[in-house]
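Visitor: The residues making up each chain are set out below.
Number of protein chains: 8
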Amino acid sequence: MKTKPQYDIPLSKVDAIDRHIITILRNNSRASYTDIAKEVGLSRVGVQARINTLIENGTFERFTLIINPEKIGIHVSAFFNIDVEPQHLIRIAELLSEEPCVTSVYQMTGPSKLHMHALFVDNREMETFMKEKLYVLQGIISVDCQILIRKFKDLEWT
Amino acid sequence: MKTKPQYDIPLSKVDAIDRHIITILRNNSRASYTDIAKEVGLSRVGVQARINTLIENGTFERFTLIINPEKIGIHVSAFFNIDVEPQHLIRIAELLSEEPCVTSVYQMTGPSKLHMHALFVDNREMETFMKEKLYVLQGIISVDCQILIRKFKDLEWT
Amino acid sequence: MKTKPQYDIPLSKVDAIDRHIITILRNNSRASYTDIAKEVGLSRVGVQARINTLIENGTFERFTLIINPEKIGIHVSAFFNIDVEPQHLIRIAELLSEEPCVTSVYQMTGPSKLHMHALFVDNREMETFMKEKLYVLQGIISVDCQILIRKFKDLEWT
Amino acid sequence: MKTKPQYDIPLSKVDAIDRHIITILRNNSRASYTDIAKEVGLSRVGVQARINTLIENGTFERFTLIINPEKIGIHVSAFFNIDVEPQHLIRIAELLSEEPCVTSVYQMTGPSKLHMHALFVDNREMETFMKEKLYVLQGIISVDCQILIRKFKDLEWT
Amino acid sequence: MKTKPQYDIPLSKVDAIDRHIITILRNNSRASYTDIAKEVGLSRVGVQARINTLIENGTFERFTLIINPEKIGIHVSAFFNIDVEPQHLIRIAELLSEEPCVTSVYQMTGPSKLHMHALFVDNREMETFMKEKLYVLQGIISVDCQILIRKFKDLEWT
Amino acid sequence: MKTKPQYDIPLSKVDAIDRHIITILRNNSRASYTDIAKEVGLSRVGVQARINTLIENGTFERFTLIINPEKIGIHVSAFFNIDVEPQHLIRIAELLSEEPCVTSVYQMTGPSKLHMHALFVDNREMETFMKEKLYVLQGIISVDCQILIRKFKDLEWT
Amino acid sequence: MKTKPQYDIPLSKVDAIDRHIITILRNNSRASYTDIAKEVGLSRVGVQARINTLIENGTFERFTLIINPEKIGIHVSAFFNIDVEPQHLIRIAELLSEEPCVTSVYQMTGPSKLHMHALFVDNREMETFMKEKLYVLQGIISVDCQILIRKFKDLEWT
Amino acid sequence: MKTKPQYDIPLSKVDAIDRHIITILRNNSRASYTDIAKEVGLSRVGVQARINTLIENGTFERFTLIINPEKIGIHVSAFFNIDVEPQHLIRIAELLSEEPCVTSVYQMTGPSKLHMHALFVDNREMETFMKEKLYVLQGIISVDCQILIRKFKDLEWT
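Same order as they appear, the protein sequences are chains S, P, A, W, Z, Y, H and G. Residue 109 in full-length UniProt numbering is what sits at position 109 of the first sequence, and the numbering runs on without skipping anything. Residue 84 in full-length UniProt numbering is what sits at position 84 of the second sequence, and the numbering runs on without skipping anything. Residue 67 in full-length UniProt numbering is what sits at position 67 of the third sequence, and the numbering runs on without skipping anything. Residue 129 in full-length UniProt numbering is what sits at position 129 of the fourth sequence, and the numbering runs on without skipping anything. Residue 48 in full-length UniProt numbering is what sits at position 48 of the fifth sequence, and the numbering runs on without skipping anything. Residue 106 in full-length UniProt numbering is what sits at position 106 of the sixth sequence, and the numbering runs on without skipping anything. Residue 89 in full-length UniProt numbering is what sits at position 89 of the seventh sequence, and the numbering runs on without skipping anything. Residue 147 in full-length UniProt numbering is what sits at position 147 of the eighth sequence, and the numbering runs on without skipping anything.
Possibly wrong hints are sitting among the right ones.
[What the hints assert, rightly or not] With a straight-line Cα cutoff of 20 Å, these simulated PhoX-like cross-link-like pairs (lysine-lysine) come out: (1) Lys153/P / Lys133/S; (2) Lys153/H / Lys38/G; (3) Lys71/W / Lys151/W; (4) Lys151/Y / Lys131/A; (5) Lys131/S / Lys71/W; (6) Lys151/H / Lys71/H; (7) Lys71/H / Lys131/P; (8) Lys71/S / Lys151/S; (9) Lys131/S / Lys151/W; (10) Lys153/G / Lys131/Z; (11) Lys131/P / Lys71/P; (12) Lys71/Y / Lys151/Y; (13) Lys153/W / Lys133/A; (14) Lys131/A / Lys153/Y; (15) Lys153/H / Lys71/H; (16) Lys133/H / Lys153/G.
Derived by calculation from the structure, the hints in this document are not laboratory data. These numbers come from a predicted model, not from an experiment.
Whenever a hint applies, use it, and build me the whole structure from the sequences.
Guide: In structure tokens:
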């Protein structure tokens, strides 16, 4: 499994040991307490206590698994900028969030659009989704859809 | 720690048990082989073998940890659409990928722009980054920057 | 009659002889089996068999004739980008496809527009079409119309 | 092989029999003189004479063959709007016309862009083409690329 | 009174003497038949006959007078690009043409907008016109208004 | 010859009789002093004096002739929005003003573009002008060209 | 308290002493008549008379106080370009002007949008304002929101 | 002199009496300590102490005077969106800030543009400024200029 480049955590909020633990877990969240302890120079119990604290105070959101979409048959990674009537923005954002193929829905500064990402088996599945799930929503003004050509960097933070 | 809604994996590529294992690990990648085995109705060794296969054939990219950015002092989540002279697109994409605050850099269909995401402690740090790292790159034509206002859904897939 | 430059067919799907036959027929679809046979070094029957296979498996869509529009009195070749309410996109695409002056209607990635091409005797006929057939359709938001100034290359593939 | 809907030829320039012959040949350009003669009610020689006239006066541009791109391994049909420095528009149009994967290059009213269509085996081949052939051309300002999602109508006229 | 630069009339449609007469009349439409005759080397009657022909065959549309707007108290020369629902384009164009302050209304290729020019005593009069005459029309989507800063050239042809 | 609708002159700057004279001359600038005198109820000398005053104080810019472009072989009436590097805006405006086919060149509020109108015999002449006169100018960034489809109103004021 | 750079007042409308008084008061509107008198070389009564005249003839609009927004807990300074249906432009402008967080609302040449500035404690307050006050207004088509990153100059004139 | 509507100060940072004092001074910054004291129910000395504190801790930036631009001969209030090469953004912002007619220069999220406001005696002065001060700056790509038509609300905060 690949090691990813690390995002630099600002120093002020967590101490150097926590930063070290975070780096280890972001590269391999199945690392055992014993292995982490050895690497950061603490006891096994000390590591476990720190991790529990970071879980309890909400710093750690989730231990998760990143999958290669192509390996499970997903060939189209698409971004949508969706122009909606402002009155319907919240409702449409919530409806789209319920679609299983949709992985993220954001509101940003700039024009009053929704920014959505979704995954599809192929162009046909995407076209069906657009026709049957997206275009039919009341309050949709227009949809700009773009397909991922190449990823240069891709860390799991948003 | 929060349980996230699941992305529906297409059926054709992985069997029902693999799908079950994936769902468990995406919700908690530190789940023990024993616990997974109990839940999916296989032996501990059987689970371990399946997971090793999924790692070896590249289906599993990484076990990782998702952190709440605000808890480590990151208050600005910004998206940049960067218009570059096409001749410099690849080189700029690679340079920006090396910046620690940058979490992703993509090329998509649509206009020949780079789509970048980055995290900052505050607006001031973002302004400094733009002034000292982004605007100085040769071949940058214009930069459109938008700040995240609200996340409606956010799964770790891209 | 003019010989056109050829589009390069990827090697993996058809063998070298089929590629040779395709090149000949794309330049002159009325070429006789005998003439093709001579050029590719097969028997007349062998050529006929290969062509029948390519027709039956759907590789060949149609033998057709390309006409010079100006010679039959068509002076305006126009492209339309039609912005429609997403709910009406499919219905409008199908209605416009029935218009005799319309030669193509596509849906593409990018903004949710229809891309249409049409031929007209002159600007007046185009204006009448826009006024009486296009602007009256329910769900049309706006129409961007551009007129062909010059063709640099033009092969029959879409 | 499929029969296509017909574009209506304006009456003033060609007589009814020529129109009939054109319709037949556009649906099947390999139709024999004998079959055409039977259908339009002329002698075989009369039909041949009319066709020769239409070839000689330039009305008929080419008898050709339309192929199903997917059957020969072409999965991406892409349109490019290419913004170029006006001084380089003609030169770039001519250079791009020489690329084998490019099927058409137009100049239109509206913004001073080139409109190009090309065919690719897959997204990767398209990305390589953009990186190695398109982005490197001197005078290219920006490139907007869109991928065909669905064809509603598609006659061979431009 | 000022002499204006001349637009070059294509040679094929009118002969050299007509062109000479047109040039004289465009610079001073009150020139007497006698003066024109002297200048072009024809008899007074010959000049009058030619001018009558050009009036009768519709070549001459009108002898008119160009006024300096500032001298009669008009300080704002404004252009409007008016985005309308396509169904209402014709009706709105006709309604706006009836407004006395409006001097021209055109439909052009490009986006389905109306292009309008109007003259106003000052910004206040323009604002009132926009508020009371333009914004209230059913079918108006948006209005882009631009004010003339400087004229580099200005001949009376459209 | 056609009578045109009149632009309403603001009352404050010219008296009712001057307004009447202006209306007559804008409809027919060859009207004799005698005919104008009869219509407005002044002596012939009084009318002549008023007209001379309006000429001398610069209110009247020119007596001119409006021609039907189609009658002298002009079939394309085109508007250009020309995006230039701001440093070259004035120089380019002056160069374009010298082209005989160009009838007007303006600078307006809104984006830093030149707005130009020109007349052409046909699309080919326009293409040649764009290629040889417009695109070659140093400092031109892009050119948006639109062709007149229909005039709803057209008075000679700018 | 900071001294600000001065805007240069055109000479024709106010004399040199009034200009001097204005400069002093714009830098410190609490300056006493005595101090102003000393600086401009007039009597205290003379200064008071001039100031009263400038108040009475409407030259002086208001003596006011500029506050540092961050010091009173305001961290987000946002500009909104609000696209409205033209029929509702005036009504929406008046409604938004009543919102306490809104500091300015303008109508300008260019597209028929409202330009609004507002202050917020943080992004959350801004999001609530957009959701509950802005998006719900009838006639709002879209909202483009931008956040101030850096002020280079900032005088109190609009 | 006019009383302006008040911006609501968030409660958390300043107490009710400070808020009252701020309201009074923003409506009339020449109010005497005695008058303020009477209105807020404190001693004259107590008011003076509070004001001094608010000056010293930087809450109060400046006591100033707002002038009616039209009364001193300023008739054009213009906003400029200036597109610059990102490398030159800071330098151009600083150069423009030194121009006396410029009242504000901002950098915002959204496209990498400078947002500038300036005041001019008339359109001619604005044109001269654009030609001689703005267009000549190295690194300027384009300039969009809009003129204020109507102010609905206008408080001195940015």
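Visitor: Okay, which hints does this one fail, numbers in order?
Guide: 2, 5, 7, 11
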